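S.K.: Sequence:
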Amino acid sequence: MKASKHLSRRGFLALSAGLAAVPILAACGESKPQVVEKVVTQTVEVEKVVTKEVPVEKVVTKTVEKVVTVVQQAPQRAPVTVSMWVESLSDVDPVFREHEKLYSKVRPHVTVKLVIMPWADIPVKTLTSLAGGDYPDVAYNHPELNPNWVAKGVIDPLDPIIASDRTFEFSDYLPGPLRQFQLKKQLWALPVYTGPLLFLYNRKLLEPLGMGDPWELYKQGKWTIETYDAM
1 MKASKHLSRR
11 GFLALSAGLA
21 AVPILAACGE
31 SKPQVVEKVV
41 TQTVEVEKVV
51 TKEVPVEKVV
61 TKTVEKVVTV
71 VQQAPQRAPV
81 TVSMWVESLS
91 DVDPVFREHE
101 KLYSKVRPHV
111 TVKLVIMPWA
121 DIPVKTLTSL
131 AGGDYPDVAY
141 NHPELNPNWV
151 AKGVIDPLDP
161 IIASDRTFEF
171 SDYLPGPLRQ
181 FQLKKQLWAL
191 PVYTGPLLFL
201 YNRKLLEPLG
211 MGDPWELYKQ
221 GKWTIETYDA
231 M
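Numbering (our numbering), first residue to last: 1 to 231.
If you are wondering where the hints come from, they were derived from the structure by calculation, not from laboratory data. All values reported here derive from a predicted model rather than from experimental measurement. Each hint should be verified, as a subset may be incorrect.
[Stated by the list, open to error] No farther apart than 27 Å at their CA atoms in a straight line, the calculated lysine-lysine pairs in the DSS-like style are these:
1. K125 <-> K101
2. K185 <-> K152
3. K125 <-> K113
Construct the entire structure; sequences and hints are all you get.
M.R.: Put into structure tokens, the structure is as follows:
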């Protein structure tokens, strides 16, 4: 214990050397650091991105709806020849000829053989042809001839034929001319043409008869066939 209290010369020197080093370290710790600016150049590889516009073709498909009218061709029909007898009228003959051409245009397979004859020949030739079996396909009829032909049974009513024809329209005909061919609630012919009938009279000659004025009688609804016959 005693030896520990006394410091040897060698130990003192060692301790002094250790303590002497402390101020030096302290002085180093308290010294101001110096700031040195240094420019450092560094080469850095940069990735280069190049944008280039490239034309692109784009295919666009568009569906277009188109309405197409398909005209169905009518089947070819066998050629037919139709004979037709008509009354000769100077003003109407060109009209019959025109009808002949128009009908062939509408129905190209039909050839119309038109025969125009005087009025006086029609009744005789028509009945003769019917009796001999060589009659026309279409015959001329007249309101004056119609009752006689119906009574003789030489013509047939048209009602069954009209009923089977979906294209027939009664509105295509004037009611008055149609009624001229109606008998026994049946239709025996179709009107082709019509026109007004003019009744001319001398009023001074009719006045002495005391039967009245035809025009006044007509307005009263009293102008009849019987009145006409009586005059």
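S.K.: Given the proposed pairing of K125 with K113, does the C-alpha separation stay at or below 27 Å?
M.R.: holds, 17 Å
S.K.: Hint check: K125 vs K101, CA-CA at most 27 Å. Holds or violated?
M.R.: This hinted pair holds, its Cα atoms lying about 25 Å apart.
S.K.: Hint check: K185 vs K152, CA-CA at most 27 Å. Holds or violated?
M.R.: Roughly 17 Å between the alpha carbons, so the hint for K185 and K152 holds.
Hint compliance for this structure: every hint is met.
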